[in-house]
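Quick note, the sequences are listed as chains C and R, same order.
Numbers 265 to 600, taken from the numbering used here, label the letters of the first sequence in order.
Numbers 32 to 344, taken from the numbering used here, label the letters of the second sequence in order.
In short, the hints are calculated from the structure, not lab data.
Remember, it's a predicted structure, so these values are computed and weren't measured experimentally.
Don't take each hint at face value.
Not everything, but these chain R residues come out facing chain C in the computed CB check (under 10 Å) [stated by the list, open to error]:
no.: 1; residue: Y60
no.: 2; residue: L92
no.: 3; residue: Q94
no.: 4; residue: F279
no.: 5; residue: D317
For glycine and all other residues, C-beta sits at the position ideal for the given N, C-alpha and C.
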Amino acid sequence: MNRPKTCFLLFVALIAALAPFQSAINPYYFNILISIGINIILGVGLNLVTGYTGQFSLGHAGFMAVGAYLSGSVTVFLAPRWLPALGGGAAGETALFLLALIAGGLGAGLAGLAVGVPSLRLKGDYLAIVTLGFAEIIRVILQNMEIVGGPRGLSIPIRPTGLFGTYLAAALTVYVVVLLVHSTYGRGFLTVRDDEIAAEAMGINSTKYKVIAFVVAAFFAGIAGGLYAHFIQFITPEGFGYLKSVDIVVIVILGGMGNTPGVILAAILLTILPEGLRVMSGWEFLPDAVRGIVKNRMILYSLLLIILMLTRPQGLFSSGGKWTQKWRAMKRRGRA
Amino acid sequence: MIQFLQQLLNGLSLGAIYALIALGYTMVYGVLKFINFAHGDVYMIGAFAGMYITPYVWKILPQGADSSRFSWSTAGGAFAVLALSMAVCAVLGVVIERLVYRPLRERPRLTVLITAIGVSIFLEYFGQYLFGANPKLFPEILPDRVIEGLGDDLILSVNQVVVFAVTLLLLAVLCFIVLKTRIGTAMRALSYNPVAASLMGINNDVVIAFTFGLGSALAAAAAVLNAINYPAYSIDPFMGILPGIKAFVAAVLGGIGSLPGAVVGGLILGVLETMVVGYGSPMYRDAIAFAVLIAILLFKPNGLLGRAEKEKV
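Looking at chain C on its own, in the form it has when it is part of the complex:
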């Protein structure tokens, strides 16, 4: 048995063992735990595109929106008809939830394919702005779809998202990404990132690898969106705007591009950080100016991005391991 598989199975066994105790957790910590799981899925997924394949996407929240709305619609519109057929009760609900998640993931994956094929011919700045544009278009379309509530949003009657489901999905995401990166596909991703022209010269179809990475990431973003929709129970198109995409990008950059453990740590850190900041903004002894800045986490996030890029472009959690060396190799080659 190989190491990723062992880790994956051990982790699944661990969360399965812990799952019965989830009702004992304080709702506030439960919320944070679920958000961490969802952010891990989003971050690790985007890392496949940005970190391993070197394609900068600013529209990841768009795929999350597709997943959230599609899975939410499955629950809202199919539940009354299908739930009796599935046997009703908890088992039927779980089956329907699973179906909704898979539908959300597949829908987002398809959206990823539709967006990726035309836009991945572009590079760097252009790609960033085109993905941003597509995400905005997805948002505008959702806003004008009356059947899912348009700008008023969609509310989902049930809340099946639990610790086990969320962390199982997170573990699956990490497992798939790790396996993918260590497979032939992974060699393709890294080659495209390190030097696209050389990759093309070696006969690697760079567009194919870029699109694959993009679609896989969009699929997981869709799953994350589905989990999120069934957790928060009320979604609006506004919630999946540009700033949500930036949140995910910050997770990837902070964790270190192409560093999956780092990205997981960053997802945990960045989910807890706003809570810590909220506590800090209540401290009376701090000067008002500091409290004002602390209250607005985006000021700190943006400063973090700038300072990190100036001093540690490889991310926070990288200490001269093999990924740092890869980063240096990339840097030596000059333009990414």
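Assemble chain R onto chain C, guided by the hints.
Just chain R now, kept in the frame of chain C:
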């Protein structure tokens, strides 16, 4: 026909403003080969600078009581607001370049791109912290009047004419700077080949800082002109995102790196947007820019007036 002419006029005055912002993108791209994502937010700062400067200007140059009559004091005040807010943004542009972009000059493009996004978000949220999140009303620095006697339904305001005139003036000054002065020659040399330019004794740092200052000043001018163009213009810390993206599209449409291209692209985009709103649906107002961008990148990635760049291995 009258409606078409009307839309054309409105579109051109909107396009003039996009053109001014697009020039900043294209100039920075020319010398540094990177897209300054924070440019739209510099435009936002320009608008706020204008708003905060206006009361001080009015203390020295009081606005005429009768807004229907031309007064030198009012016109001078508007000009002073324009000039001062351009100066503020020029300084801001140079400071951003010095603090953030200069240390990253030899780094991979992705690093610079992420930093630019960081700067953009920082300006937006720090702006929100500094100016407050609520939209604010830009003071009416140049009271508006409609020019009479153009025909039945054709409405042309004095301020639209002022916007055209000031834009043309700024373009003429820019042309003079780029084509006739030493620093303009240096800018052009740098955009051809930075290494060769520095071997010829050009101080690249100075030229790049100057380019940032010039581009940022034009963004501030666009902000103040926009306020003159639309009465009761409200400004907020996030107002720069959309014009920034649209101006970027205009720059790409005209061919990024080409100064006439930026102007042409801005005018085309402005007219297109007004036509879509006028004849189609206002819902697609903001989607049109992205549609144009995607189309141009797929069919003519070098833009209308850009030159093709071969990638060297």
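Results for each hint:
Interface hint at Y60 of chain R: satisfied, since its Cβ lies 9 Å from the closest Cβ of chain C, which is below the 10 Å cut-off. Violation of the interface hint for L92 of chain R is found here, the shortest Cβ-Cβ separation to chain C being roughly 34 Å, above the 10 Å cut-off. The interface hint given for Q94 of chain R is broken, as the beta carbon of that residue sits about 34 Å from the closest beta carbon of chain C, more than 10 Å. Because the closest C-beta pair between F279 of chain R and chain C is about 6 Å apart, less than 10 Å, the hint holds.
The criterion of a C-beta within 10 Å of any C-beta in chain C is met by D317 of chain R, whose closest approach is roughly 7 Å, and the hint holds.
The earlier numbered hints that this structure contradicts are 2 and 3.
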